[in-house]
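Once you have looked at the hints, place chain B on chain A.
Protein chains in written order, with the working numbering: chain A, 1 to 82; chain B, 1 to 160.
In short, the hints are calculated from the structure, not lab data.
Yeah, the Cβ is synthetic: ideal placement off N, Cα and C, and Gly gets one too.
Each hint should be verified, as a subset may be incorrect.
Heads up, simulated DSBU-like pairs for lysine-lysine below, C-alpha to C-alpha not over 35 Å straight-line [to be verified]: (1) A:Lys15 with B:Lys16; (2) A:Lys15 with A:Lys32; (3) A:Lys32 with B:Lys33; (4) A:Lys32 with B:Lys16; (5) A:Lys15 with B:Lys33; (6) B:Lys61 with A:Lys15; (7) A:Lys32 with B:Lys61; (8) B:Lys16 with B:Lys61.
Derived list of chain A stretches under chain B, where covered just means 3 residues or more per stretch with a C-beta under 8 Å from a C-beta of chain B [unchecked claim]: (9) 18-26; (10) 62-68.
Computed footprint of chain B on chain A; a stretch qualifies when at least three of its residues, placed anywhere within it, have a C-beta under 8 Å from a C-beta of chain B [said to hold, decoys possible]: (11) 1-10; (12) 35-44; (13) 51-58.
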Amino acid sequence: MCNQSVGLIASVIEKSGIPTVCLSLLREVSEKVRPPRTLFVPFPIGYPLGAPDQPELQHSVIREALNLFRATGPLPLLHSYE
Amino acid sequence: MARLEDLALSHRLFMKGYRYRSVDWSPGARLVKPLSEARLALVSTAGLHLPHQPAFDPTIKGGDTSFRELANRVELQQLRIGHRSSAFDQTGARRDRNLVFPLDRFRELVARREVGSLNHRHFSFMGSITAPRRLILETAPQVAAELREDQVDAVFLVPV
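This is chain A alone, in the form it adopts within the complex (with noise of 0.2 Å):
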């Protein structure tokens, strides 16, 4: 349910006026809540940014997420990370 939580808090922030961006861990759930800009990404429950202790894997996650900011076409957007 953490998957909805975040995206309905990513809703409620974007609609106040501020940009947001969710890491996603289950597709078939964000793609029900559909919150604005949302990178999916290929780990298990519990291990959102890949896995404890590396770094460069957790700056990468971040790194792709934030390029949603950059895209500009219509939303919402759904990515994969790669």
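Only chain B this time, still in chain A's reference frame:
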């Protein structure tokens, strides 16, 4: 990629039958300055809280919709993880809180000038909320109002 099929049968059955909610945010907001000049805040739903803050309450039916404020200067390993969901493997996050609340990583991105700055506070929820009415109508709007008051430019949200 995690799939519903990876979860325990009880969680899977619940989630298959669950009516997911959404909130209309259209038309959406845009980041109007470069990330290297933007002030960012983080939101995590891993149930993190400071030792002196009350833990989240796992006994509330439908989920605990409250939130905790986490100061930007916090030492990450001080944070406690109070999450009731058995679907959430806490082993990794106990070893490295950045896995669910990547504050050290953002500090590094600020040092490298990829991100402008971090807000003086961030926000923590416990994500296993099945009845999100109060989240949508009260607690998430409170957090949004505080972020606006802080003049935050963009928010990064992490589920578990």
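Hints, one by one, checked against the model:
Straight-line distance between C-alpha atoms of A:Lys15 and B:Lys16 comes to about 28 Å, which keeps the hinted pair within the 35 Å bound. A distance of roughly 18 Å separates the Cα atoms of A:Lys15 and A:Lys32; the hinted pair therefore holds under the 35 Å criterion. Using a Cα cut-off of 35 Å, the hinted pair A:Lys32 and B:Lys33 holds, with the two alpha carbons roughly 30 Å apart. Pair hint A:Lys32 plus B:Lys16 holds up; C-alpha atoms about 12 Å apart against a cutoff of 35 Å.
Proposed proximity of A:Lys15 and B:Lys33 is supported: the alpha carbons are some 19 Å apart, at most 35 Å. For the proposed pair B:Lys61 and A:Lys15, the alpha carbon gap of about 27 Å is at most 35 Å, so the pair holds. Annotation: proposed proximity of A:Lys32 to B:Lys61 holds, straight-line Cα distance about 23 Å (limit 35 Å). About 20 Å separates the Cα atoms of B:Lys16 and B:Lys61, which keeps this hinted pair within 35 Å; it holds.
By the rule of at least three residues with a Cβ nearer than 8 Å to a Cβ of chain B, the coverage given for the stretch 18-26 of chain A holds, with 9 such residues. Coverage of the stretch 62-68 of chain A by chain B holds. Counting CB-CB distances below 8 Å, 4 residues qualify, and the rule asks for three or more. Taking a C-beta to C-beta cut-off of 8 Å, the stretch 1-10 of chain A contributes 10 residues in contact with chain B, enough for the three needed, and the coverage statement holds. Look at the stretch 35-44 of chain A against chain B: 7 of its residues bring a Cβ nearer than 8 Å to a Cβ of that chain, three or more, so the hint holds.
Only residues whose C-beta sits within less than 8 Å of a C-beta in chain B count toward coverage, and the stretch 51-58 of chain A has 5 of them, enough to reach three; the restraint holds.
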